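Protein chains in written order, with numbering that gives the first Met the number 0: chain Y, 0 to 180; chain A, 0 to 470.
These are computed hints drawn from the structure, not numbers from a lab. Computed from a prediction, not measured in an experiment: that's the story for all the values here. Heads up, a few of these hints could be off.
Stated by the list, open to error - If you want the ones that stay clear, here's a sample from chain A, every Cβ over 10 Å from chain Y, calculated:
(1) P88
(2) T152
(3) G206
Stated by the list, open to error - Label pairs and their calculated CB-CB ranges:
(4) A/D183 x Y/S71: 29 to 35 Å
(5) A/P22 x Y/E72: 51 to 57 Å
(6) Y/L163 x A/M104: 56 to 62 Å
(7) Y/D58 x A/V106: 39 to 45 Å
(8) Y/A2 x A/P22: 27 to 33 Å
(9) Y/E10 x A/E383: 36 to 42 Å
(10) Y/A2 x A/A437: 23 to 29 Å
(11) A/R37 x Y/A14: 17 to 23 Å
(12) A/G430 x Y/R49: 33 to 39 Å
(13) Y/A2 x A/A332: 37 to 43 Å
(14) Y/A2 x A/G315: 42 to 48 Å
(15) A/A332 x Y/D58: 55 to 61 Å
(16) A/D429 x Y/R50: 28 to 34 Å
(17) A/V106 x Y/E10: 31 to 37 Å
The C-beta atom is built at its ideal place from N, Cα and C for all residues, glycine as well.
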Amino acid sequence: MQAELEQEYVEFVTARLARMQRIAYLLCGDAHRADDLVQQTFTTLYVQWRRVRAVEYPDAYVRTMLVRAFLSEKRLAWSSRVDLTDSVPERITPEGPGVEDRAVLRDALSRVPKRQRAVLVLRFLCDLPVDEVAELLGCSPGTVKSQTSHGLAALRRLLGAETLAAWDPRGVKGGRVVAPV
Amino acid sequence: MRQYDDESARSLLGMLADDTPPPSRVDIGALVLNGRRRARRRRLVAATTTALVTLGAVAAVPVVVDLANRPEQQRSVATGGAAQPEDIPLEPASCTARELPLPDMTVRSEVLGGDPTGRFLVGTASDKRGQSFVVRWDRGQLTTLKVPVERPTHLVVNSRGDVAGDGYVAPAEKGRSIAWAYRDDTFENLPTGGGLPFAVVGINERGDILGTVQGGTLVGPGAPVASPMEPGAPAGAASGDVMNPYAAPGDLLAAKRGQVLGRNYDLRQVVWPGENPDAVRVLAAPPNADLVTVAGIDDDGTVVGRSVSKALARVGANAKDPLLNGARGLVWAPDGSVRELATPPGYGPDVSIESIRNGWVIGSYLNPTEGGMVAGRWNLRTGEVRPLSLKFVTSVNRYGWVGGYVVDGSGRVAPALATDSRLLVMPLADGFDRNTDAPITVVISDNGQQIGSVLHHVGSDLPVAFRWSCV
Numbered sequence: 000m001q002a003e004l005e006q007e008y009v010e011f012v013t014a015r016l017a018r019m020q021r022i023a024y025l026l027c028g029d030a031h032r033a034d035d036l037v038q039q040t041f042t043t044l045y046v047q048w049r050r051v052r053a054v055e056y057p058d059a060y061v062r063t064m065l066v067r068a069f070l071s072e073k074r075l076a077w078s079s080r081v082d083l084t085d086s087v088p089e090r091i092t093p094e095g096p097g098v099e100d101r102a103v104l105r106d107a108l109s110r111v112p113k114r115q116r117a118v119l120v121l122r123f124l125c126d127l128p129v130d131e132v133a134e135l136l137g138c139s140p141g142t143v144k145s146q147t148s149h150g151l152a153a154l155r156r157l158l159g160a161e162t163l164a165a166w167d168p169r170g171v172k173g174g175r176v177v178a179p180v
Numbered sequence: 000m001r002q003y004d005d006e007s008a009r010s011l012l013g014m015l016a017d018d019t020p021p022p023s024r025v026d027i028g029a030l031v032l033n034g035r036r037r038a039r040r041r042r043l044v045a046a047t048t049t050a051l052v053t054l055g056a057v058a059a060v061p062v063v064v065d066l067a068n069r070p071e072q073q074r075s076v077a078t079g080g081a082a083q084p085e086d087i088p089l090e091p092a093s094c095t096a097r098e099l100p101l102p103d104m105t106v107r108s109e110v111l112g113g114d115p116t117g118r119f120l121v122g123t124a125s126d127k128r129g130q131s132f133v134v135r136w137d138r139g140q141l142t143t144l145k146v147p148v149e150r151p152t153h154l155v156v157n158s159r160g161d162v163a164g165d166g167y168v169a170p171a172e173k174g175r176s177i178a179w180a181y182r183d184d185t186f187e188n189l190p191t192g193g194g195l196p197f198a199v200v201g202i203n204e205r206g207d208i209l210g211t212v213q214g215g216t217l218v219g220p221g222a223p224v225a226s227p228m229e230p231g232a233p234a235g236a237a238s239g240d241v242m243n244p245y246a247a248p249g250d251l252l253a254a255k256r257g258q259v260l261g262r263n264y265d266l267r268q269v270v271w272p273g274e275n276p277d278a279v280r281v282l283a284a285p286p287n288a289d290l291v292t293v294a295g296i297d298d299d300g301t302v303v304g305r306s307v308s309k310a311l312a313r314v315g316a317n318a319k320d321p322l323l324n325g326a327r328g329l330v331w332a333p334d335g336s337v338r339e340l341a342t343p344p345g346y347g348p349d350v351s352i353e354s355i356r357n358g359w360v361i362g363s364y365l366n367p368t369e370g371g372m373v374a375g376r377w378n379l380r381t382g383e384v385r386p387l388s389l390k391f392v393t394s395v396n397r398y399g400w401v402g403g404y405v406v407d408g409s410g411r412v413a414p415a416l417a418t419d420s421r422l423l424v425m426p427l428a429d430g431f432d433r434n435t436d437a438p439i440t441v442v443i444s445d446n447g448q449q450i451g452s453v454l455h456h457v458g459s460d461l462p463v464a465f466r467w468s469c470v
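Could you build the full structure based on these sequences and the hints that come with them?
Here is the structure:
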């Protein structure tokens, strides 16, 4: 790759790394797997950069790459992955209210079937409209809606009525600002 | 139902909306390197597929087997004179500047050395009162070393974090110059046999330290034999050639500027072995050399430096660098034998040497047609010499990539890296400009991804220590 193209790639990736890591983390529920997913996606992006930089919405394209890599995750050879860093950063110690609740929810979400999980994350945590999620996943809007319903039911089942009841009075159902992705 | 699902899901999952993932382990430099590898592998597969079509099914198996066993890198080098080839990292294409952390109240700082892995950088930081500190950065994290040393001219570090240098015993105004090492968090004076430490210029991965001592009782093969000195007496007093003991270490040429070459400077080139620094080894001086200085020590113990001889100086030659008139590049093999470095046909004979690593020697040689010295690199394994597109060179890595600087049209000095195929000028950071004066030190790691040097604050002539991460 020419130096100018590579510089462009570096700038693009630098600006998107945190966002992509967040989506991957929400999809996987595990920071290390999320890093692997991001590495896989951006390494593929390097090879295709000349083409991808010319598309109309490169952000959406890369997000699609990431989600599809997540959905086909089984095919990735995790055992042969390359460690792309020479040091492991310190883990953040969870602090503040709601940390345990979030861990419980994350765990439950990570056990929702992958495709349903992707729909929930993309629609309600990445704030993408149904049509866009449908295009991203290569299915119809109707399928996205039904996957939403199935995914939510699975999530509730995994959390259990007791947990949901305990969360309800604490305002879990209250309005929250969804961080843009 | 669907509307209820949406509201319910939004409410429930909203708990994760501000969930912050742990710090990412993904390194953009590594992404680029992996991307390059994969791109090359794809090209290789494409080429092989074409070959398969051409050769037909019968030839397919051997070609595929060959592909599977084929080294990923296209170029390889022998290491340390051994026959084992090794992969070469991909050449960096772009770099990002980062200001290095400094002690409070620092007004001037610079990088003087770096280790082969890129983990450590060493340098100095000075405050408004002129007090200077020796600092070491470990992956960019600052440590002020507890060493009683001020104003070192040279600092070197290896991948164990062992540091060595010259300088003065603090306080600088009254102190004498010293040669020292800092290993395992312990400061030690290096023995000089009563001589005056002149410069400490190199350390290798074994911990062998290279330097120059003036006068004293250390004796080696071919080294000048001097009368024993009285403790505390200025070096060179025995021969009547009184040196200023408080002149900047390593600045002998400047201290002697205007004097006639040919006097006995009584310098001894010494190696303090890593395993036993007290067993100082003195290198043989070539005959008729008036002034010998060393520049670097390789991991196998090979030492490089230069000599200047009045007998070899030519009247009116090398007018741009008169102090190098009659200079020759020297290589001391690990067995102690010394030889001169050759220059390309049509160039030379004056040569100056700056550093060595893994059999790559860097320095400069005279361009007699245009005048002035040309930066160059010697390959001791093959004897090849090639010019470099740098104004001046200061360090070389395992693969022959060279750190040095270029001078732009405005006369400003910019740190740069010369690989086999490209010249990378280090980018500026906001609020900083290129340097207004030379020389500066530029150090490069073996993988080419870590560069250490200096920039200037805009509107200031004081250097600030920087490192660049390259991909």
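Quick rundown of the hints versus the structure:
1. P88: Its Cβ never comes within 10 Å of chain Y, the nearest being 13 Å, so this holds.
2. T152: Holds, since 32 Å exceeds 10 Å.
3. G206: 23 Å, holds
4. A/D183 x Y/S71: 29 to 35 Å: This hint is violated: roughly 50 Å between Cβ atoms.
5. A/P22 x Y/E72: 51 to 57 Å: 22 Å, violated
6. Y/L163 x A/M104: 56 to 62 Å: 58 Å, holds
7. Y/D58 x A/V106: 39 to 45 Å: Between Y/D58 and A/V106, where Cβ atoms are some 44 Å apart, the hint holds.
8. Y/A2 x A/P22: 27 to 33 Å: 29 Å, holds
9. Y/E10 x A/E383: 36 to 42 Å: Distance hint for Y/E10, A/E383 holds at roughly 37 Å.
10. Y/A2 x A/A437: 23 to 29 Å: 26 Å, holds
11. A/R37 x Y/A14: 17 to 23 Å: Distance hint for A/R37, Y/A14 holds at roughly 22 Å.
12. A/G430 x Y/R49: 33 to 39 Å: 34 Å, holds
13. Y/A2 x A/A332: 37 to 43 Å: 39 Å, holds
14. Y/A2 x A/G315: 42 to 48 Å: 44 Å, holds
15. A/A332 x Y/D58: 55 to 61 Å: 59 Å, holds
16. A/D429 x Y/R50: 28 to 34 Å: 33 Å, holds
17. A/V106 x Y/E10: 31 to 37 Å: Given a distance of about 33 Å, which is inside 31 to 37 Å, the answer is holds.
Checked against the numbered hints given earlier, the structure breaks hints 4 and 5 and satisfies all the rest.
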